[in-house]
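Based on the sequences and whatever the hints tell you, model everything.
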Amino acid sequence: MNELIPLMVIVPLMAALLISAFSRFNKVTKIFAFVVAICLPIIPIASNYGLHYFGGYEPMLDNVTNVMFHPAITYSFSFPQQIFIAMIGLLTFLVVFIYLTKYKEVSGPYLFLLFLGTAAVTAMLLTDDIFHMFVFFEILALAQVGIVAASSIDYSYEMALKYMILGSIGSPIMLLGIGFLLALTGSVNVTDIAAAVHNGLVDMTSPVFLLSLGLIFFGWLYASGLPPFHTIKSGIYSKAEPHGAALLQSFTVISMISIVLIMFRIYSSLPIFEVLVVFFSILAMILGVSLALTQTDFRRMIGFLAVGELGFIGLGIGLGTQYAITAGLFQALNEIIITALLFIGFGAIVNATNEVDTRKLGGLLAYHPKVSIMLLIGGLAMAGVPPLSGFQSKLMLVQASLSCGFPEISILAIMVSIATFVVFVKTFYAMFLRPKPNDLEVEGKEVPRSMIFAMGILLIIIILLGIFPDMVINGISSFVGGML
Amino acid sequence: MKLYDQIFDVVKQFRKLFSPGPVTNADVSGSITAEIFIIVSIVLAAILLRHVSVLLAGLVTLILAIVLISNIPLIPKFKIEQEDSLEKMLFYAIVVLCIIVVFLYWGGNLV
Amino acid sequence: MAHVQLAILFTSAALVIIGLYSAIFIDNIIKKIIGISFIEEGANLFIVAIGYKPGGVVPILMPGMDTSWFASNAAYPLPFGLVLTSIVIGASTLAVMLALVMVLYRRYGTLSTKVMLADTSKQEEYDE
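Chains as they are written, first to last, in the working numbering: chain Z, 7 to 490; chain Y, 1284 to 1394; chain S, 5 to 132.
You can trust all of the hints, since none of them are fake.
Partial chain S-side listing against chain Y, Cβ under 10 Å, derived: (1) LEU24; (2) ALA122; (3) ASP123.
In case anyone wonders, no lab produced these hints; they're calculated from the structure.
The beta-carbon is built from N, C-alpha and C at its ideal position, and this holds for glycine as well.
Printed below as a string of structure tokens:
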């Protein structure tokens, strides 16, 4: 049923508005939020693939020039969109579940922000219209600022304001780039623009076209948290509540891949595009991991690691072949799950001990064995240890860069994986294995069972994807083949 | 003994990085790992330039290696540059914007 | 009449550059936010300028108009719709930024960015 396609955006949006309007009734809000959160992963799985034209305006064929025009905003839904939206829906369900069971009185506006962010990334992934994507990108930025400001951690307001200021410089620059594209081709539909570029109607060496690439690329750097925006991204991950941070990083990954796929369709015939993407991805990988190695606050450590892993995704997409882009998208899927697991796990530790400095922790294996084992497996998955999912995607990336003729990038990817492994071994030892310092109070505070349930589900998905990656890879590969 | 003293000075500078607070072996070894990792990975990434011109790649790699190894305690300088203040973040963002615009406007046809 | 469009483009470029300068170099947080608003309005003005047509009519099809004459003489209506959305986005981000500034002003008592948005990583490392 193609009518379910716009529902994937409308359901969380309407739920967000209703929850924030009627948040006085606590019990009703909780039940309603829970029901909507359960529906979110079910709708994309139940929906058929296809296109949806808003307003019913079918594409028109111009008889004189034989070119198809798309006058309506188009949502296109196929296998990668299905798997990513289902994963985001599942993650939203787990995060909302943790939030609802943690507090007696829930905040309507906070649930509004969580659902608004989910609706925004779903729309960004589905849309075929570049301005529509920009609008939802701005909505996502507002939701992210709200989620950071709503946390009870010190200095969260300052971090939210810094993010807002940097964002308000990055987003209008992207809008200028979209304006240049509109001026060149007269359309904001990505299919039309890509057709105009590939048929030679747009001069690809004109400075206006190149400037549009530069400006939209800068906006993409802000959206995905690649350097120079890696410090602010890891800053907001460290200042949001742990379950909020788990959702924030998934928003970042999805907005990154949706914008870069649109840019790829328009600019792929320019070799400078791939050079830029690969350059900034390598920079992200190097800076992310080396800064993570020097952190003692483990929230910041995961924040920097999350930013560094985004470099792998950009690397896959920047290499440009079908195998490499499939590897990049598969890495994105694994990143969402693994980083969410790590954020929720470390959030459980913060809950139990009220302490974020690894120098003051120790000996927690005896008190929280389940959390520590799940965190260890999550960390190994991020570092790329077989038979977990991180290994499959990183192996694909190494093979892709070798087959493109860049063995230096393969060596670099392997080194970054080794450094990530070092980070995890160091942190795991410091927090769980060494003897407990005398002044650390680990009273009978239990880790909430909802968090352990969420981590368990994510862990099952990691192990499943590690053992049977072909479930996902074949579908993504055929989509990428159709795009190229 | 001089070389040993030099290396020990580097380790002492890492200890200053983590104060105030206890400095554990794990943290200092993590910083030394990060140091070696940064130097090796930047030099390795510079070898990628061989697709543009082999001479340029060789030259840039040698210069980078010499510059990086002679300023050995790199991690404290990195940590200071990557702090949270808005001015530093804005500075790097605008530098990257200018580099991207200039590079694309004048050099976009070259590649 | 094409120099009308050129004048609009120059104005939008001036707005963006002035906005960038004040968002980066000025210390007062309110002036920074005004500069950010300038950047957004400059981008909106640029998109409006794309829809300009010399000697064109307002793109509203009145009853009795010949459609082919209308199609070749009306200004391009797509950018106007996009800009409406963009103005609303600018207004909402402005509201959120000002709300955050209000809270921070009550906490710090000053509007200077050096004090308000300074580095916090060293202070909190040992405070937790």
